[in-house]
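Enquirer: This is what each chain is made of:
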Amino acid sequence: MRVDEIAIRQFLHTRYPRLVAAVALVCESRPAAEDAVQEALLRAWERSEKGEVIESLNAWVTTVSLNLAKSGLRRVMAERRARSRLVRDFVPETSGDRIDVERALARLPRRQREAVVLRYYLQMDTRKVAEVLGVHEGTVKSTLFRARSALAGALGETDTEEANDSGTR
Amino acid sequence: MALDERLRRELDRAAQPADPSGLYEHLIRRRERRQIARKVQSGLLAAVVLAGSVGAFYALTRLFRETEEPPVAAPTISNGLIVFSREIPGEGEQLFAAGPNGSGLRQLSPDGRAVYRSPDVSPDGRTIVVVHEIPSFEPGLSVLAVVPIEGGSPGWLTEPHIFRDPTWSPDGTQIAFAGSIGDPFGIYVLDVASGDVQPVPGTYEISVGHPTWSPDGTSIAFEASTGSDTDPAQSWDIYSVAVDGSDMTNLTNTPDASEIQPAWSWTLDRIAFIESGPAEGALLTMNSAGTDLTTAYGGELSPANPVWAPDGTALAFEGGSEGIVTVQADGTGFATLPDARGGEPAWQPLPQGTSVNPPPPPTQSPSPLVGEDIGLGLRLCDVTSVQGTFLSAYGDGQSAVVGMVIPSDGSCPRGDFEVVAAVDVTGDGVVDFASDPFTCQGGCSAFAAPDVDGDGNDELLVQNVQFSIIGVKLFEVVPNEDEPALVAVTVAPPGDAPFGYQGFGGGEEPQFWIGGDAFIADAIRCEQGEGGGRLFISTTGESRPHDSPDARFFATETTFILEGGVLHVLDVRETIDDPSSLVTTGCGADLDLFN
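Residue numbers (numbering that gives the first Met the number 0), protein chains in the order written: chain B, 0 to 168; chain S, 0 to 594.
It is worth saying that the hints were derived from the structure and are not from the lab.
Careful, some of the hints might be misleading.
[Claimed, not checked] With the C-beta cut set under 7 Å, the calculated list includes, among others, these residues of chain B facing chain S: (1) LEU11; (2) ALA20; (3) LEU41; (4) VAL100; (5) TYR120; (6) ASP124.
Since we're looking at a predicted model, the values are computed, not measured.
All residues carry an ideal CB built from backbone N, CA and C; glycine is no exception.
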C-alpha cells in the first residue's frame, strides 16, 4: 500500500490510539510509546516515499514501534533520573486492578509481554502475533502459554484454557 | 477461560488510548526536525559554526600578535580580493570574493540558509568579519563572526544581539560596530582577545551607523543624525570621535544634505562617503578634517557603501544594478566587476610578502576508513568526525573522531558496544589522544564541538542516543603536563542534590538532551555569567498531563560551570519556558533542532 497523508491520517484516527496504549503496556512508558509509534509511522512514510512497498501499515508500524520501544527503554531509564523532578508530582490515576495487571505484566520477559498485549489487548490472533513478532505461530502459542501460567500465578487465577484460539482478527 | 477474559478486560482498562488530535501536524514538524537532526549528525550543520567563539578570539589574537608592527600604513601594501555579500534566493545572503577585475569569483561561506553581511577584511588580509544570521535567530538578531579569506565555516565572536557594519581596527585587535548588546544602539568596540565590548561614549544618544577607524586607530568616523528617524527630512552628517568619546566633531555639517557611509583610507588619511541628495547621490572624498572635497563618482548609478582599495589608489562601491563597481580615486577608470552582483564590498589588504591568491585551507584530518587503525592500536568502524579547536596551541585543522571498537572477530558491532572518542590536534589523520572506551547506547557519533567553558578550546559532544530526542555526552580536553587527555565530563559532588533534584548526580557522567517529541523539548545553551566565566545551561521540559487540552509546559533549567573536566552545578530552577522557543545557540555550535 502507499503511505500518504490519507493513510497516515486514517491510521492516526483508527489504529494509533490503541497501538500507543499497547506499546506503553509493553515498555512501561507512555512517552516512549508515543515516541516509538510516531517514529515508526514516520519511517513508514519515508520508506513509502522512496518506493518501498509496505503491505500492511498496521503490522509494519506495530512491529517497528515495538522494536523501537526496546531501544527507547534505555532512554526512558536515563530520562527517568533526569526528569524525576518533573514527573514526581504527575501520577496518573490508578486502580487496584490496573496495578495488579501492570505489575504482573512487568514481571514477564519482554517477549511474553509483547505476545500478551498483542493477543489480549490488540486482540490479534496467534498468526498475526507471529507475523508482527517475526516468529513462528507455534512459538507464539508456547510463549502465550508460559505467559498465562505466570500471570495466573501472579493474579491468583487458574490457567485453564486457550492455547490454539484464533482470536478475533 | 476466566484468565483470558480477565486479561482482556483488565488490559483494556489499564491501557490508555492516545488522543490523535493534531498529531498529523505534529508529525510534519517532527519530520522536519528529523531532517535537520540528520544534517547535524552528518556533520554538515555542525561544521558550519564549530570554530567556537572564544576559540576564534584566541586564534585571532595569536594570528595578529605575531605581526608586531601594524601593517596599516605600510607603503608596500597592495590590493587583494574584493569580498562582498550576495543574496541567493532561498539561501539568505552569502559571502563571495573576486579579484579586482572580477576574476576568480568564488563563494566563501558554506552553503545553507544563513546570512553573511557587511564583510570587512582584517589588516593582515586573512580573516573576514561579518554580521551573521541563522534561521533560528529571532528577527533582527545576529552575531559577529569570522570567516577565513579562503572560505570556510564561520566562528562566532559574540552571542546574538544587534550588529551592523563591523570594521577591523588598524592593528587587528579590535572590531568597531554599530549596534546594541542590550544597551542603547550606538557605536561599540569589541576587544577580540577578551571579548569585552565597550561603548564609544556619546554615540548612543544619537542615530549612528557605519563606523570606520582612523589610520592610527585612535578615532572612529561614523554617520550620525541628531534628528528623528521618522522625519523625512532627517539630515545625516559624518562625525569623528576619539574612541574614549572625546573630540566629537561634525566633519560635514550640512543641514540641507546628508552624508553617509564613511570609509577611512589608512594609506591616504582621506575619508570617502556618499553624499545623498535629491539626485542619485555621489561618491566624494575629503580629508580627515572634513575639507578638500573631491568627487570620485557622480554618475547615474546610485553609489552606496564605498570602500577604499588598501593602497589608496581606487574605490569600490555598490553600484545598484551594476553590482560592485570600482573607480580610481581621482574619478577615472570606472569599471564594473563581471558577475559581481551583490553589495557591501570589502577590499582585502595584502601586506608585503603575501600573495593575491589566498593560501589553501589548512589540511583537514582525513576521515578514517572503516577498520583503519588511526593511532589507537585498535581498529574502529562507524567512524565519524567533527572539526574544532581542541587545543588552540596547535592551530587549525583539528578534528575529533568517534568510532566503535572492532572486536576480535573483525565484525562491525551493532547495539551496545564499546566506543572510543579521540582527538587529532595536528591534522595528520592520526589521533593524538583518546578517551577511555565507553558504552554506546545506540547511534553514537561525533556530534559537535562547542566551546562550553569559553576557554578557547572546544569541548566535544558525542551523540549517545539517537531517538527523536538526541542524547549527548560531553567530553573535554584536559591539558595535563605530560600529555593531554580527553575525559568524559563528570558532575562535581554533590551534584544537584542540594537543590532537591536528582537529575545530575555527583560523580556521574551526565547525559544532556537536545530536541523534542510529542511532549518533550530539551536544549542546551551557553551564557556569560555575571561574575565572569561561561555558564552551561541544560533545559529539559515536558508538557503535562499528556493528551490533555489543559496541558502546561514545565521545564527545569540546570546551570553549570565547567572547570577541568568537572561540571559544577550552580543553580537549578523551574521555568515554564519551552526550550524549543529559546535561541539555542549551542555555545558557538548550532544545536538548534527545533527550527
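Enquirer: Run every hint past the structure and note whether it holds.
Expert: Hint check:
Interface hint at B/LEU11: satisfied, since its Cβ lies 4 Å from the closest Cβ of chain S, which is below the 7 Å cut-off. Satisfaction of the interface hint for B/ALA20 is found here, the shortest Cβ-Cβ separation to chain S being roughly 4 Å, below the 7 Å cut-off. Look at B/LEU41: its Cβ gets to within about 6 Å of chain S, closer than 7 Å, so that hint holds up. Taking 7 Å as the C-beta cut-off, the interface hint given for B/VAL100 holds, the closest approach to chain S being about 4 Å.
At its closest, the beta carbon of B/TYR120 sits 4 Å from a beta carbon of chain S; the interface hint therefore holds under the 7 Å criterion. Annotation: B/ASP124 was flagged as interfacial toward chain S, and the flag is violated, the nearest CB pair being 13 Å apart, outside 7 Å.
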